[in-house]
Amino acid sequence: MEKFTLSVLVENKFGVLARIAGLFSARGFNINSLAVAETEDPSVSRIIMVVDANEKILEQIKKQLNKLIDVIKVIDLTEKDCIDRELVLVRVKIDAKTRDKVMQVVDSLDAKVLDMGKGSIIIEEMGDVKKINATLELLRPFGITEIVRTGRIAIQADNKG
Amino acid sequence: MKKNGAQIALESLRREGVKVIFGYPGGSVLPFFDAMYEMKEPRFILTRHEQGAAHAADGYARATGEVGVCIATSGPGATNLVTGIATAYMDSVPMVAITGQVKTFLIGNDAFQEADVTGITRPITKHNFLVKDVKELAQTIKEAFHIARTGRPGPVVIDLPVDVQMASCDFHYPKEVNIRSYKPTFESHKGQIKRIAKAIEKSEKPVLYVGGGVIISGASRELTELAKKYHIPVTTTLLGMGAFPDTDELSLGMLGMHGTVYANHAIQESDLIIAVGARFDDRVTGKLDEFAPHAKIAHIDIDPSSVSKNVTVDIPCIGDAKHALHGLISTLKKKPNTEKWLNKINEWKKKAPMKYKDDNKLRPQYVLEEIYKATKGNAIITTEVGQNQMWAAQYYKYTKPRTFLSSGGLGTMGYGFPAAIGAKVGRPDKIVFDIAGDGSIQMNIQELATAVLEKIHVKIAVLNNCYLGMVRQWQELFYEKRYSHTYLNTCNCPDLVKLAESYGACGIRVTKKKDVRKAIEKAIKVKNTVIIDFAVEKEENVMPMVPAGQAINRMIGGMA
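In the order they appear, the protein sequences are chains A and B. Just so we're aligned, residue 1 is where the first sequence starts under our numbering, counting upward by one. Just so we're aligned, residue 1 is where the second sequence starts under our numbering, counting upward by one.
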């Protein structure tokens, strides 16, 4: 199984997300991450989904999505050059000893500190999956107590490189 | 002009050309039924169960090609439609089902007779709507009919809260419909048609494998022309029966689990399969890895998701079957040389014809052959599901589309009788025979009241073997004859003749082979709904048979 990113334009109506979710659950496919919001046209929503699949399953997923009446367009971003981003909020344990070290890590990345309490700190990081995962790895030794992560969003690049 | 939601719904149905509505009243459709009071057009047919209404609408649609319409109340009324809707969905039948719903402000409150109908029907409809504003109602109905009848057809549910039925607004029925996210491909790609034509020209052992899509798109003439002009043998799926005349020498009959030996062997030895409006169902392919090992596969279908779903297709061609076949005929330049191939098939036909034991016993296959003779092949046959369905497919010869109506995909017992009612309403000029088993007929037997009171005279042939025959057959073959709960004892209970008579229908019992023809002729003559209770051989099996999961040329009752 690989991960594929699909960008799906749908009618901005009630029940559309349920139709899409139902399509996956009925076939026992898992949605890895999901991000939904209005587009530049308020009557259209964009759903960015990351799915676990192989080529054959992906082909069926795309066809089944296209078959739904409320789906306007399905774009497979996996095959295209695209820019993707995720946002993560991480709560990390700190004490007098580790506080400076955590701050050093934060500075070395371009992460932000959003809030600092006595025993913990909330850090924001934004970037592609690789970067987010790297950040989490660097913070893990200090003791992560909570991770809040958005689904991936992605946009097709205008030019290569 | 102001109208309330119920009147708008009814007027919209008229504008869509609806001539008949099947349904059952209830609390949440009271305004709709009030609008129908003393109405002449469309005709309303009151069934005795909502499931009967859904199957009748389905039968009407399959027999006529028009959209079938049914209506039920909220909650249990709507859930009773579910089997009928799922049946229509699996077999791509155009249908619009209107369900009442509790008042909009009560939705989600566990109100009396409330069910999440759009939620329940989401995976078994082509699309569904919950109408929350009366101003959207006319547009919604326009879209529902458009979606139901175009592309790969299917059922559409309109969930209509009772307060929306009562609310009023100006009525304008939209002339056109334009759904930006729904544009089914109709015209197929010329390049793909050319590729199929080339493949045909080069092939030595081609087979046309034809499904219900050919009947839906009205492509029987084109298909027949293609086959006859280029000498290509034709096998059909269960839903494709009637797309190509069974009586033609190029016909191989049905393929698959209970298909003919020669159809299955032809597929397994073929070098080119041209699939048209069929979807490589598991009952057709048997063991997938060993299906048609030598064949290149071309697939014409209007639904892209059907292509390369089960079997990997070499030449896909998305579009309407009639349009594609027409294109194919005008593209083909030379005939493939199929003489040797057809000779080989004819040898198989001689070696392993469809046969059953011809003795003095009353066998179900004989009943079908006699119905065929007595109706001169001109009847519409509906079936229930199981052995009756397979014998009806094997031993009646279909020569015209829309004359064989059967729940193929979902395999719904209880389908045939209400579907026969719907078919007879749509085609009153036709004799309509429901081929039933003693199990399935009891699943919607209440519709006898509908048939008798509405004077919809259908004929029911019950192949009564006292068993749930097909399941018993599997128990015999694969479960060491452990007949667990498949003995229905219908020989003793109920008395089907008396049951028919109690409804005011005509009941005939046949226990001897020699009385079969007489009984069928009487049933046809009687101006009433008739049940013929045929006491057939109890443990007769449907043969030949591909055991589940085997390659389709490994048949029980096949060639040695």
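Just so you know, the hints here were simulated from the structure itself, not pulled from any lab data. Yeah, the Cβ is synthetic: ideal placement off N, Cα and C, and Gly gets one too. Warning: the hint list may mix true and false statements.
Below, a sample of chain B positions facing chain A; criterion: calculated Cβ distance under 8 Å [as the list claims (entries may be wrong)]:
| id | residue |
| --- | --- |
| 1 | I179 |
| 2 | Y182 |
| 3 | T185 |
Now the stretches of chain A that chain B is said to cover, found in silico as 3 or more residues with beta-carbon under 8 Å [to be verified]:
| id | stretch |
| --- | --- |
| 4 | 16 to 27 |
| 5 | 124 to 137 |
How the hints compare with the structure:
{"no.": "1", "hint": "I179", "result": "holds (7 Å)"}
{"no.": "2", "hint": "Y182", "result": "holds (5 Å)"}
{"no.": "3", "hint": "T185", "result": "violated (11 Å)"}
{"no.": "4", "hint": "16 to 27", "result": "holds (count 4)"}
{"no.": "5", "hint": "124 to 137", "result": "violated (count 0)"}
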